[in-house]
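With the first letter of the first sequence counted as 1, position 38 gets the number 34 in this note's numbering; the numbers rise by one all the way through.
Among these hints, one or two may not hold up.
What the hints assert, rightly or not - Restraint-style ranges between C-beta atoms, simulated for each label pair:
hint: 1; residue 1: N321; residue 2: K392; range: 45 to 55 Å
hint: 2; residue 1: G272; residue 2: S459; range: 49 to 59 Å
hint: 3; residue 1: K485; residue 2: V293; range: 25 to 35 Å
hint: 4; residue 1: K10; residue 2: G422; range: 54 to 64 Å
hint: 5; residue 1: F410; residue 2: S459; range: 40 to 50 Å
hint: 6; residue 1: E34; residue 2: S426; range: 48 to 58 Å
hint: 7; residue 1: S459; residue 2: E34; range: 28 to 38 Å
hint: 8; residue 1: S426; residue 2: E588; range: 50 to 60 Å
hint: 9; residue 1: K591; residue 2: Q2; range: 32 to 42 Å
hint: 10; residue 1: K10; residue 2: E493; range: 31 to 41 Å
hint: 11; residue 1: G422; residue 2: N321; range: 42 to 52 Å
hint: 12; residue 1: Q27; residue 2: E588; range: 48 to 58 Å
Claimed, not checked - In silico lysine-lysine, DSS-like type, Cα no more than 25 Å apart, as pairs:
hint: 13; residue 1: K485; residue 2: K423
hint: 14; residue 1: K(-1); residue 2: K574
hint: 15; residue 1: K249; residue 2: K183
hint: 16; residue 1: K331; residue 2: K423
hint: 17; residue 1: K241; residue 2: K200
hint: 18; residue 1: K190; residue 2: K425
For the record, the hints were derived by calculation from the structure and aren't laboratory data. Keep in mind the model is a prediction, meaning the values are calculated, not measured. Yeah, the Cβ is synthetic: ideal placement off N, Cα and C, and Gly gets one too.
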Amino acid sequence: MMKPEQWLSEALAKTLNELYGNIGANPLVIQPTRKDVEGDFTLVCFGLTKLSGKSPAQTAEDIGVNFCNTNPEADSFNVANGFLNISLTFEFWITYLNQFSPQASEPDLNVPPVMIEYSSPNTNKPLHLGHVRNNLLGAAVANIVSASGKKVIKVNLVNDRGIHICKSMLAWQNSGKNETPESSGIKGDHLAGKYYVEFDKSLKIQAEPILNKVLSADFSDLDEKQSLKATAILEKYNTSTDDKKEELKGELKLISNSAAPLMKEAAEMLRRWEAGDEATIQLWKTMNGWVYQGFDVTYKRLGVSFDKIYYESETYLLGKELVENGVNSGVLYRKDDGSVWIDLTAEGLDHKLLLRSDGTSVYMTQDLGTALLRAEEYKAGNYVYVVGNEQDYHFKVLKLILQKLGYSWANGIFHLSYGMVDLPTGKMKSREGTVVDADDLIDEVIAEAKKKSEELGKTETSSAEELAALYERIGMAALKYFILKVDPKKRMVFNPEESIDINGNTGPFIQYSYARIQSVIRKSKGVVDNQYDVKQIENEPSHRTLIRTLEQYHETIQAAANGYNPSLVANYAYELAKQFNHFYHEFSILKEENKQLAAFRLELATKTGETLKCAMGLLGIEMPEKM
RNA sequence: GGUCCCGUAGCUCAGUUGGAUAGAGCAACAGCCUUCUAAGCUGUGGGUCUUUGGUUCGAAUCCAAACGGGAUCACCA
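Start from the sequences, fold in the hints, and give me the full structure.
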């Protein structure tokens, strides 16, 4: 059976052809009829007046008459303000319901796969709220794209090397006293984070006096290069406004930091790491191992997984060859000091550095190399990077460079740029200790789910294990739904209290609707027969509304996949659950005396339940059979 | 300063290629459990869609400018 909207579009085109001759490729504007107006679909007729030569209302009237006369599926029509509202027969809708299924078809292997990179953590500290949004988005987008019929490859690029890791390592070496996750009982990623914070503290103690000296033009702690830079900044600083001063002070702080002995030690450690020093590598492996153990726990709790994990320690040298080729082909240029650049001024951007004068690579070089590696390995059609919007510029440049270098697959690069997560009190700042830790947050939402469930007294019927699993489902549903219902590209405010709400537009509300449906289905066994005659069922608005909403499911998934936007799925599920609750309140299924009608309603409820489960499943939210 | 993103109810958010009287939830107030799970349902109040101009049958949506918020512009990643 064809999709109603598609069928209608073709049938209306036929009608228009009969009335006005060849209408050409003029796309018809068809939309679901708004709630307060009678009808299933609405044809907007303003654009058709040129064809008909009549007023919008008269045009709509003519089309309506002809359409209803020639199509038995059409029930009636009405015209309002130039909108033609068409009602299809209820029988048509029931027949549609009979064959409806929310199940996704198998991915089409002839279509190039879609690669989705997300998570991409640093291994020096535990995951926080920002990572939570990233991970949930990435996992949901992967599910949705897969459900839309494309094969998906989920990729994680772990940033496991660099100066930030060395900071943790150094602090542990200096003051760790051989503390391990086992000896301390601290989760591995949190332990590494603890020493990262410790490093920062010690560094601050060293760097502050240096900064103060620099501010009074005493550069005795700086080397030649740093002094030069500081002099220039200080000059500006003394003549700047307060706003600008803060900014320049930040730059001076960076210089002071790098002049501190501890920072030099960390840099030295990084050099040893790159040189392959055995003891350094060993320490690095050990601490990263702790972090991975910790991440695995958090990933599992979040319900995210990956098909392929890349480590930056294995990819950070890539890209140099690509850059050399670019120089040879003239797309890139080399300065006298040996550094390599690309000129993007024609595109309204700047010159961008791709290789340092000492020949080492920068962030961009690595990303270029990694992109090439993946393209060769997987030959995907699309490469989606789930990365925060503070890197908009980076990805714009990345795509542009690859395109300029002549890689056609670069056209498939898409930066899924999501907004930051703010707290009601303002921005999260690690230095001020206002970051929300991912593990704490998960514990909190589950504890809150438990508390609320106990308050409602819904705890008698199940075992302790079942209840624990249920609380986890409810808590995680609250958290995931709260984050995923917001358009990814928008900055959002995360209120910890609202995130664990269970009433209204929330995950638990949708779970509750589902649990009610399952309860009805369980109780229907032996009471309601599944067979009914389509012709025997009478039209009822809230039944019809539900079917019409079910009909939008696949379209919603497609739109969400095309726009990489899980919020469309979340909002759809909410709308569907709300409509079901309305229906549930208005009609009884099991107590309906007309058995035909009861059977029909049961099917309607069952299909609604399946659809809710599928939609929420795409968001990584599990549905409980009881709650 | 250049570039990019955002601005919808007290708060958090929907509003898919321009379509009819701009919608939900939370919060507030008022109802509904002898009836398939009240984590629910129904109702009331709440809006200059930041502002101004433009495009047209028609603008929250497109264009321009202003205002407000944010990001970014490293031989850091």
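Quick rundown of the hints versus the structure:
{"no.": "1", "hint": "N321 <-> K392: 45 to 55 Å", "verdict": "22 Å, violated"}
{"no.": "2", "hint": "G272 <-> S459: 49 to 59 Å", "verdict": "54 Å, holds"}
{"no.": "3", "hint": "K485 <-> V293: 25 to 35 Å", "verdict": "30 Å, holds"}
{"no.": "4", "hint": "K10 <-> G422: 54 to 64 Å", "verdict": "59 Å, holds"}
{"no.": "5", "hint": "F410 <-> S459: 40 to 50 Å", "verdict": "46 Å, holds"}
{"no.": "6", "hint": "E34 <-> S426: 48 to 58 Å", "verdict": "56 Å, holds"}
{"no.": "7", "hint": "S459 <-> E34: 28 to 38 Å", "verdict": "51 Å, violated"}
{"no.": "8", "hint": "S426 <-> E588: 50 to 60 Å", "verdict": "58 Å, holds"}
{"no.": "9", "hint": "K591 <-> Q2: 32 to 42 Å", "verdict": "34 Å, holds"}
{"no.": "10", "hint": "K10 <-> E493: 31 to 41 Å", "verdict": "56 Å, violated"}
{"no.": "11", "hint": "G422 <-> N321: 42 to 52 Å", "verdict": "46 Å, holds"}
{"no.": "12", "hint": "Q27 <-> E588: 48 to 58 Å", "verdict": "33 Å, violated"}
{"no.": "13", "hint": "K485 <-> K423", "verdict": "17 Å, holds"}
{"no.": "14", "hint": "K(-1) <-> K574", "verdict": "24 Å, holds"}
{"no.": "15", "hint": "K249 <-> K183", "verdict": "32 Å, violated"}
{"no.": "16", "hint": "K331 <-> K423", "verdict": "40 Å, violated"}
{"no.": "17", "hint": "K241 <-> K200", "verdict": "20 Å, holds"}
{"no.": "18", "hint": "K190 <-> K425", "verdict": "16 Å, holds"}
In this structure, the earlier hints numbered 1, 7, 10, 12, 15 and 16 are contradicted, and the remaining ones agree with it.
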